[in-house]
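Asks: Just need the whole structure built from these sequences, with the hints factored in.
Protein chains: 2
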Amino acid sequence: MGKAQWIWYPDEFEVYHNILVSNLREQRNEFQHPMWELGRIHNSVLFYKIVDLEKPERFDVKSNGLISVRVNNGRKTEYKYGDGIMLKPGRNFVKVYASRLDGGFPAIYGTGEHFSTDATWKVSMFGKEDEYADTNSHYNSPDMDPCVFFFKYKRIFPTAVTEVNGGKLYDFGSEVMGKLILECKKDNVPCSLFYGESDTEALDEEDCILTDERDLSKGENVFRSRACRYVFIKCNEKLEVSMDFEYVDIHDVGSFKCSDKKINKVWNVCKYTMHLNMREGFYDGIKRDRWIWGGDAYQSLFVNSYLTNDTDIDRRTMTMLRGRDDLTQHINTIIDYSCFWILNLWEYYYFTSDIEFLKKSYPKTFNLIDMFEANRDENSFILGSQKRGDWTFIDWADMDKDGPVCALQMLMYRTYVCMCEMSQVIGDGKDKEFSKKAKNLKKNINKKFWDEEKGGFISSFTSGKREIRRHANILAILYDVTTDERKQSIIEHVINNSEVPAITTPYFKFFELDAMCSIGSFDMFKDMLHSYWGGMVDLGATTMWEQFDPTQKGAEHLEMYGGKYGRSLCHAWGSSPIYLLGRYCLGVRPTSPGYKTFEVRPNLIGLNNAKGTVPLGENHSISIEMRDGTIKIKTDKEGGVLAIRDQLIKIPVNFEIMERM
Amino acid sequence: MGKAQWIWYPDEFEVYHNILVSNLREQRNEFQHPMWELGRIHNSVLFYKIVDLEKPERFDVKSNGLISVRVNNGRKTEYKYGDGIMLKPGRNFVKVYASRLDGGFPAIYGTGEHFSTDATWKVSMFGKEDEYADTNSHYNSPDMDPCVFFFKYKRIFPTAVTEVNGGKLYDFGSEVMGKLILECKKDNVPCSLFYGESDTEALDEEDCILTDERDLSKGENVFRSRACRYVFIKCNEKLEVSMDFEYVDIHDVGSFKCSDKKINKVWNVCKYTMHLNMREGFYDGIKRDRWIWGGDAYQSLFVNSYLTNDTDIDRRTMTMLRGRDDLTQHINTIIDYSCFWILNLWEYYYFTSDIEFLKKSYPKTFNLIDMFEANRDENSFILGSQKRGDWTFIDWADMDKDGPVCALQMLMYRTYVCMCEMSQVIGDGKDKEFSKKAKNLKKNINKKFWDEEKGGFISSFTSGKREIRRHANILAILYDVTTDERKQSIIEHVINNSEVPAITTPYFKFFELDAMCSIGSFDMFKDMLHSYWGGMVDLGATTMWEQFDPTQKGAEHLEMYGGKYGRSLCHAWGSSPIYLLGRYCLGVRPTSPGYKTFEVRPNLIGLNNAKGTVPLGENHSISIEMRDGTIKIKTDKEGGVLAIRDQLIKIPVNFEIMERM
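From first to last, the protein sequence lines are chains A and B.
Note that the first sequence covers residues 1 to 661 in my numbering.
Note that the second sequence covers residues 1001 to 1661 in my numbering.
Honestly, the hints are just simulated from the structure, not real lab data.
None of the values given here were measured: they were computed from a predicted structure.
You may find that some hints are simply not true.
[Unchecked claim] From the structure, some residues in chain B lie toward chain A, with a derived Cβ separation under 10 Å: (1) Leu1066; (2) Asp1102; (3) Gly1103.
Positions of the beta carbon are idealized from the N, C-alpha and C atoms, including for glycine.
Replies: This is how it looks when you write it as structure tokens:
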């Protein structure tokens, strides 16, 4: 018998925690709601299991709300947890109704001698095909409640305190997230708090984003979980300040160390940034939104895949974004983010070969495909629906978005390619249809958006501006939407053309550098590690930022969205060096789903030496060290080949090999 | 400016209160969940209104949870209720996000100088066509919360106390529902409660349905709202026992009084029964289910229409039953109850001419029609889906339900007729299609179910049993599914045939007597008023029962569903004499929607004299008195005709007329 687990209605854990997460955002103590519809949970669920027993057996089950138990549709029994129910030998049809009315979702936990609540139980879908209940390995003891997220807590203390402006500025030494605890010997002590990711923000009582005010008393001295590095506190009494640092305990497998200390520092700051944002799902940033966004999540999948073997957060994030019901709007209202959800699903499958999750989630793509295709022009370019409020985001950058947007069509092409791949794995016979759509779209993109004179793809062909921006051109390379000849032209006339505005967000840096590295061009990446990510670190960043413009000064770095402290200083999309270094310097990538086969194509990208580890899924990993013209490799997983000196060398299992580079 | 009202997402008030109501059922302190899916509420809603102002105006708005206010999509403002927001002259696009995470649904209440929250506000449906917000006239002050139902309370006390079996039996004198209050001068006093609709039940500590146990303390001495007449309490300390009687304040318009005291008593017991069951919606019964059932609700609509002018409870009930989302199962899982929902909607419209509610609810019928029609045989007879767990109820009676069930096809015929009527009012052009379906079904019913030899419709033609029961034959008369010749045969060979088992539930008595009275045959009705309803009253009933068999004795009357106290002694479907006396004795019925025209066809049905009042919708009513061979009529509504002595006499407004009978 497997271990008993709490079970619930499919996807309900993610739908519920997404509702909570989406309602956490605040600004100056005012609640800020997202612009999209959140899912809805079921207040009542019927769980059931049919068990065949040889001997009588006692079964005990509880819920996190109301519960009602029926065996073999028999007469209603008075049931209390702890008493259990005696099941007779033979077939037992065990039904458990669970309800919860306080906003949480109902879940049950039960144990017998030969069976327990687990993923083999079903939930009644009331007229539709019944489905298997959902579980999560974290919820496996009767005193837990899956409505309470499985955070862990660690007590931390400020590393410095400064008396200033009639209060005290506490510095935790780096960005943190958790519940501030203020201990005071007296009761009813008025106290004002001003949080800041920077000291400038914390000391700006008028404009800092997160504030709080309370009369401190015993039992009334723990504050809601918030992000900050600094907190400025005004209080007339002596306080002991600490924080219950709140985190998900995810073990790192990936590592990286090289001869360049700046790059090592960048890698570690990226890692810390990523961990702070790895919560119920992948957050965008921990101070402000704390929301799950489709584009951000896509990048976090890649970073996570080169950092940990935790795939639960990948699945949680996708389910939180998409929910269970059909959507009536794009994910986060953004058309590109719906594309990324589909790309994300395919890349997740490619990293993990998790066929169960693919099977469960693939049907959810069609509602998105329908939304894309309901608004197309005569070239099959997707336009989005104004009425629905569709948003074509692409990037925080000035861009001509008149009519069909080129970068969006590139993403749509990749979406069709991923649908084709997934259809082949699922075997529903739709792959040819998607392949045909992809081919047609590629042809039309190249026909309508290519500007021969400018040597690149233009943002829009309807406005007449024929504007060249990096975004569409980067995606053309990355997703193979054009010929090699045109790709060369793009590199020359767009990527390496300083007159084309540079990318300013780490978000699109991810795509730009991925594209460049994928064609073996590492100079820009190495330069960016120093000037861009290294630039943030030089300015004292303990976590990577939402946006960085090296030409800005001082508090300009804190501004965004028209607010003095609008910029997030701990943004997951800043962590892409973890992925890029793992994939292109250590050179590891899967060549079939779940690393059944994989390639190591190492490249020192100009470094003297480098070493590191890359997770290969489940409990596997590979370690690589490049030094003095040789490479050492060790892995516990078969299927690897080393691509070196124009050769492919099979990598043995559990045996370190050394090769000349 | 109209009065400000709380507003919420369409149907959410009913969906939410239906969830609560459906989770109230208990048996021996164990929770009992219904077998069907309950609706789901939206945790977050975006409300908006565009207002054009001539002068600056202060607008203040609150929610029953989290709130965030934006004007003209401007920069986020820090907003607190009480402070208000100054709106500028000109166009103001006021958006209010509201969230609620404790299980309730979000709602807002706001007031300006020239505009307030009301049904002219819209809710964003996130990609779909936006809709108008819902309101309810009961929620019109800022300190209310529509998640708290608008019950009123009245303190009542036991009328008798008896010391017995080591405890005290308290008698409230009649069936009541409310929160029991036990006051005790000491704290932590153990106390056991046993509720009973009968003294037998209350004194049966082992088997009574509702029990409770608590250590009484101050603030811990009010019990959840329950129904009983008696409560048996075991406690070693002195207690003051009272109850907060819980009710909805609905004013009676209808009345009835005649020369027969037994019938007057029956009418009053029916009225009290009905009022106890008129709560969030029409309950079936107040002790046990406390649920809303489609068939029961259909009858309650008729009774209510002859008792009060409160139509809000009709609408609430229909919306609670159907919810907002498409159903995947029939209403209450019962095929006939989905039929009744459609019949209910048409009859409601016919009583009220409430075109707004019809427009809102008519689209919800199609999901039900689709479910009916997905499972049909070659004769277009509906079968129901075994996989979905469809239940053909018809009545608590032994009946051959093999293959297509005749009574169900009768209901389906009436469903098509009602769809045809509604389609004509709505003007969607579907009336011809429904008319054709009705005609075809009628033809096939008469072809396949009629038994010439037995002179009636058989329950099933597939089993070969050719069983005759009253149900299908009653519906054939009531819904005009056969020829006059066959109706005569039914009366002779089925209705007046004592070998055909009698109807034992007040539920189907409603249809039987409605059918008989509708063809001018009142003997059975008058007999039943004495022997059936009068029989219950003779046994001391203070409310009408779920089932009554005059041949049973003593505690046998309390049994049902295999339980000693399974029978409900306060069941709404026992109240149909109110409808039947109003319609057939006072003789009032609408002849066009909303009593725009109406007929009075009085009949003393053998009584010496009778008088009463029938509500005519809104604030109108009609009073009728029959005595000494004359009839007096007075009404404040035009459109009435008196059908008497084979004449039709126009009834004047606000002027009593007297006619010879």
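Asks: For every hint, state whether the structure bears it out.
Replies: Do the hints match the structure? See the list:
For Leu1066 (chain B), the interface hint holds, the least distance from its beta-carbon to any beta-carbon of chain A being 4 Å, beneath 10 Å. For Asp1102 (chain B), the interface hint holds, since its Cβ comes within 10 Å of a Cβ in chain A; the closest pair sits about 5 Å apart. Nearest Cβ of chain A to the Cβ of Gly1103 (chain B): about 4 Å, under the 10 Å cut. The hint holds.
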